[in-house]
Structures are given as C-alpha cells and as structure tokens.
Amino acid sequence: MTAATVLSGLLAVEVPYWASAIIKVGIIALVVPTAALVLGYVFLLKMMSFMQSRLGPMEAGPYGTLQLLADGLKFIQKEDIFPAKADRTVFALAPLVVLVSTFLIYVVIPTGPDAVVAQLDVGIFYALAVSSLSVVGILMAGWASANKYALMGGLRAAGQLIAYELPLVLAVMGVVIQAGTLDLQKIVTAQAEGEIFGWGGIGNPFILTQFVGFFIFLVAVQAETTQPPFDMPVAESEIVGGYQVEYTGFRFLFFFMGEFGTAFAFAALAAVLFLGGWALPWGDLTHWGFNIAGPVIMLVKVLAVAALIFWFRFTYPRLREDQLQRLAWKFLIPLSLVNIVVTGIFKVVL
Amino acid sequence: MIAEHVAFGIIAAVMVASALRVVTTRDIMHAALYLVIVLAGVAALFLLVGAEFTGITQVLIYIGAVIVLFLFGIMLTRTDFDQDEETDHKRKFPAILTALLLLAVMIGALVDRFEDVKLDANLPGGQTPQTTAQVSDELFSQYIVPFEAVSVLLLAALIGAIVIARREEGG
Numbered sequence: 024m025t026a027a028t029v030l031s032g033l034l035a036v037e038v039p040y041w042a043s044a045i046i047k048v049g050i051i052a053l054v055v056p057t058a059a060l061v062l063g064y065v066f067l068l069k070m071m072s073f074m075q076s077r078l079g080p081m082e083a084g085p086y087g088t089l090q091l092l093a094d095g096l097k098f099i100q101k102e103d104i105f106p107a108k109a110d111r112t113v114f115a116l117a118p119l120v121v122l123v124s125t126f127l128i129y130v131v132i133p134t135g136p137d138a139v140v141a142q143l144d145v146g147i148f149y150a151l152a153v154s155s156l157s158v159v160g161i162l163m164a165g166w167a168s169a170n171k172y173a174l175m176g177g178l179r180a181a182g183q184l185i186a187y188e189l190p191l192v193l194a195v196m197g198v199v200i201q202a203g204t205l206d207l208q209k210i211v212t213a214q215a216e217g218e219i220f221g222w223g224g225i226g227n228p229f230i231l232t233q234f235v236g237f238f239i240f241l242v243a244v245q246a247e248t249t250q251p252p253f254d255m256p257v258a259e260s261e262i263v264g265g266y267q268v269e270y271t272g273f274r275f276l277f278f279f280m281g282e283f284g285t286a287f288a289f290a291a292l293a294a295v296l297f298l299g300g301w302a303l304p305w306g307d308l309t310h311w312g313f314n315i316a317g318p319v320i321m322l323v324k325v326l327a328v329a330a331l332i333f334w335f336r337f338t339y340p341r342l343r344e345d346q347l348q349r350l351a352w353k354f355l356i357p358l359s360l361v362n363i364v365v366t367g368i369f370k371v372v373l
Numbered sequence: 003m004i005a006e007h008v009a010f011g012i013i014a015a016v017m018v019a020s021a022l023r024v025v026t027t028r029d030i031m032h033a034a035l036y037l038v039i040v041l042a043g044v045a046a047l048f049l050l051v052g053a054e055f056t057g058i059t060q061v062l063i064y065i066g067a068v069i070v071l072f073l074f075g076i077m078l079t080r081t082d083f084d085q086d087e088e089t090d091h092k093r094k095f096p097a098i099l100t101a102l103l104l105l106a107v108m109i110g111a112l113v114d115r116f117e118d119v120k121l122d123a124n125l126p127g128g129q130t131p132q133t134t135a136q137v138s139d140e141l142f143s144q145y146i147v148p149f150e151a152v153s154v155l156l157l158a159a160l161i162g163a164i165v166i167a168r169r170e171e172g173g
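Taken in sequence, the protein lines are chains A and B.
All residue numbers for the first sequence refer to my numbering, where the first residue is 24 and numbers rise by one.
All residue numbers for the second sequence refer to my numbering, where the first residue is 3 and numbers rise by one.
Calculated from the structure, these hints are not laboratory results.
Computed from a predicted model, the values in this text were never measured in an experiment.
Do not rely on the hints blindly, as some may be mistaken.
Which chain B residues face chain A? A few, computed with CB under 7 angstroms, are given here [said to hold, decoys possible]:
1) Met31
2) Ala53
3) Glu54
4) Phe55
5) Ile58
6) Val61
7) Leu62
8) Val70
9) Leu73
10) Phe74
11) Met77
12) Thr134
13) Ser138
Every residue, glycine too, gets a C-beta built ideally from N, C-alpha and C.
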C-alpha cells in the first residue's frame with residue numbers, strides 16, 4: 024500500500040518494483056526542493072517583509088513568486104570554490120550528507136491512505152533517527168572548511184542539536200503512548216477515529232491532549248533547524264555564517280534546501296502527530312479519494328504549523344549559548360518527562 | 003533470496019574496506035568518518051534481516067549521538083588540519099595481536115553456537131520478522147532483569163562522568 028498503488032490506480036497498469044522505486048525517488052526529489060521554495064517564498068520573503076512593513080521581492084514574476092528560482096539559478100552559475108587548506112573530499116560531501124538526511128525524512132510522511140512512499144512499523148522513530156544524521160554533515164562542514172568561524176559554528180551546532188534532540192524525541196513519546204503505535208499512518212487513523220469523552224464530532228486531534236508536547240516539539244524543531252532565535256551556529260553578526268561561511272554556489276544552495284526542506288518535513292511531522300495529518304474526522308478513511316484530497320489537507324496543516332515556526336523566527340532575538348543550553352536541559356527535558364509520566368498515568372487510568 | 007545475498011555481499015565488502023581505513027588512515031577525522039560508514043553498514047545489515055527497530059536504533063544512537071560526540075571531541079581538542087603522526091602508535095603489534103585474538107574468540111563462539119542453525123526467512127502469514135511491539139513486550143517481560151541491570155550500569159557511568167568532570171573544575 025504505497026505511492027505505487029496510487030499510481031497503478033491512476034494509470035490502471037501494474038507497476039514493476041524497479042519502476043516504483045524510481046518513481047518514489049523521483050517524487051521525493053521533486054517534493055523537497057518544492058517544499059523549500061514554498062516555505063522560502065511564503066514565509067522568508069513575504070511574511071517577514073509584511074511583518075516589517077515592506078513589500079519584499081516584487082519584480083521577478085507576479086508578486087515576486089519567481090524570486091527564489093532566480094536566486095537558485097544564480098547559485099548554480101557560481102564558481103565552485105574550495106578554500107586552499109580545506110579537506111576537499113569532506114568539504115564536498117558535507118552538504119550532501121545534510122541534504123540526504125532531509126530527503127530520508129520525507130520517505131515516511133503519509134499524505135493519504137495509500138499516498139506514502141514507505142509505511143514503516145517504526146515510522147516516527149525512523150524520521151527522528153534520520154533527521155539526526157544532518158549533525159554529522161554540519162560537523163564535517165565545520166571541520167573541513169579549515170576556518171575558525173566555521174569550526175566554532177560547527178561546535179555550536181553540535182552542542183545545540185544534541186541538546187534539542189532529546190526534547191524532540193521525548194515530546195513525541197506522549198503522542199506515541201496515546202496512539203499506542205509508532206506507525207505514522209496509524210497515528211493519523213487514531214486521531215480521526217478518536218473520541219472526546221464519547222463525542223466523535225472532530226475526532227481527537229492530539230494537540231488537545233498533548234498541547235505540552237506540541238509546544239516542546241515546536242521549540243525543539245526551531246532549534247533543530249537552527250532558525251532564529253536558536254541561530255547561534257550560523258549567527259552572522261558573530262561568526263559570519265558559521266559552518267556555511269566557506270560555501271558558495273550550489274553547495275550553499277544545498278545547505279539552504281536542507282534547512283528549509285527539514286523545516287517543512289518537521290512541520291509535516293507536527294501536522295501528522297498533533298493535527299490529524301491528511302485525514303478529516305468525517306468520512307471513510309480508506310476511501311480512495313483521500314489520496315487526492317489528503318495532500319491538500321496536509322498542505323494546509325503544514326503551512327499552519329510552518330507559519331507558527333516562522334512567526335517565532337521573525338519575532339524573538341537570538342538566545343545566548345548559556346540561555347539556549349539551560350532552556351533545553353533545565354526546562355524542556357524535565358517538562359517533557361513530566362508530560363510522558365502524566366500521559367502514561369492517564370493511559371492506564373482511562 | 004539472491005537479491006539479499008548480493009546486498010549482503012556489497013554491504014559487507016564496504017564495511018570491511020571502511021573498517022580497515024579506520025585503523026590505517028593518518029587523519030583522525032577521517033577515521034571517525036569511516037567509522038560512520040561501518041556503523042551505517044551495521045544498520046543496513048539489521049534492516050536486511052528485518053530487524054527494523056534495531057537497525058534504526060543503531061542509526062539514532064551510534065551515528066546520531068556517539069559519532070557526533072567523537073567528532074565534537076576531536077574538533078574541541080585538535081587545532082591542526084595536517085596529518086597526525088601521533089596516531090601511528092608504538093604498540094601497534096600488540097594491538098593487532100589483541101584484535102586478532104578477539105576475532106578468533108568471536109568467530110569460535112559464533113560458529114560453535116550457530117553452526118547448524120538455519121534462520122527461517124519465510125514466517126507464517128507473511129508477517130514481518132520482528133515488530134517493535136514484540137521487541138518491547140520481550141524487553142519488559144522476559145528480559146526485564148538484564149534491562150534494569152543495564153539501566154543501573156548506565157546511571158552509574160553517568161554519575162561517575164559528572165563526578166570526574168566536577169572534580170577537575172574545582173581543582
């Protein structure tokens with residue numbers, strides 16, 4: 024029951040295994056840059072501009088919609104520069120590691136009863152595991168650039184990503200306990216078919232019971248994607264871009280796509296875990312039509328979560344390193360542990 | 003089964019080659035990064051035999067946390083980007099001998115136990131070999147005592163590490 028099923032349904036042909044594998048890779052390869060472009064345009068260019076009482080890009084395409092495409096083309100044309108003392112192989116591989124980590128998250132995100140690349144029994148666990156791979160790429164970039172600002176950025180990134188990995192995983196635990204599964208599809212179904220004290224009018228989206236988890240998840244996501252106010256690793260006014268400082272052209276573009284692609288993926292995970300994912304609480308969930316409607320419903324929810332993430336991003340000033348570490352270790356982690364215990368007690372009692 | 007055999011051969015070959023590079027490369031950063039490939043290979047092998055949960059835990063713990071701490075430590079303590087002569091250890095041959103002995107013991111133990119055992123790849127009803135629910139059920143019933151023992155051990159290690167770090171800070 025995967026994307027291939029949808030496709031064979033649409034075209035009324037049997038799709039062989041190798042072809043479905045290629046199609047899946049193709050879909051992911053299309054979705055990630057599109058997601059990065061959408062987030063970049065809607066929020067980074069337009070929402071930030073409006074919040075600052077300016078128009079943002081208006082010239083490239085209607086309302087500046089093609090601005091990021093133009094920027095992307097510009098990046099691709101640029102010279103591929105390696106610093107003289109850089110560790111060339113590691114320097115070249117680092118952005119790819121970050122991007123591959125982003126691509127791998129998309130594999131398990133469901134957008135319909137059959138519209139998912141791979142439905143895994145360990146779905147959410149897998150997504151969190153592969154998202155942690157990007158740290159390796161960031162550390163590789165920080166080291167291989169042979170630049171002290173890059174090194175400092177890499178160190179800051181590692182310290183931050185390790186610290187916020189824990190609340191991220193622990194915040195999800197509450198949802199997993201409540202749904203009784205790690206499978207993202209079953210988490211969606213659990214919410215759509217759930218009931219609030221016997222009333223099933225709007226299902227039971229986990230944001231109602233797991234609002235603490237939702238809050239911790241969003242803060243941790245903000246830190247994991249190194250967005251302001253958690254942008255110490257790339258703080259341009261202190262360490263001129265951190266681990267990205269020596270990167271130009273398409274390699275820099277990879278980092279950009281990794282950052283926004285990961286932000287989109289995490290927003291999608293938040294939508295699945297807390298907002299009911301692709302499903303609506305009405306109607307037959309196994310109906311084939313949800314494969315068409317699902318992605319649209321999903322996109323609306325993802326954009327709503329992303330709006331929250333970027334709203335924080337444009338509102339709060341950067342945290343100092345000690346404030347940042349204290350927030351993670353002394354506030355978010357204990358809070359998420361309490362959340363797990365309380366959820367566990369309610370699960371047993373109710 | 004042929005596809006699995008081919009995949010196993012490729013993964014195993016890559017792992018052995020990377021493992022050799024871990025100990026032969028002069029650059030300690032490269033050694034750590036080759037270790038990433040070896041550990042990713044282990045995860046791939048777990049996935050190949052259907053142990054999804056174990057394979058993904060391998061990625062989360064070893065690559066996502068342990069290796070990151072290795073890299074973090076290397077970056078904090080080293081400042082030269084050039085090749086490091088110190089990694090060429092004086093006690094190279096005793097180390098090789100110890101490693102070979104360990105290898106012999108492990109091969110002996112594995113062959114002794116699993117010589118005649120054949121794993122059945124086709125489970126009845128086409129179910130996956132090992133689901134997460136099964137793992138946790140066994141962990142918290144049959145293996146609860148070893149599980150708790152490991153927790154206490156880890157807690158002791160954690161407290162020990164904090165005590166050592168604190169003492170250095172004070173003195």
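Evaluation of the provided hints:
no. : hint   : in the structure
1   : Met31  : holds, 6 angstroms
2   : Ala53  : violated, 10 angstroms
3   : Glu54  : holds, 5 angstroms
4   : Phe55  : holds, 6 angstroms
5   : Ile58  : holds, 5 angstroms
6   : Val61  : holds, 5 angstroms
7   : Leu62  : holds, 4 angstroms
8   : Val70  : holds, 5 angstroms
9   : Leu73  : holds, 4 angstroms
10  : Phe74  : holds, 5 angstroms
11  : Met77  : holds, 6 angstroms
12  : Thr134 : holds, 5 angstroms
13  : Ser138 : violated, 10 angstroms
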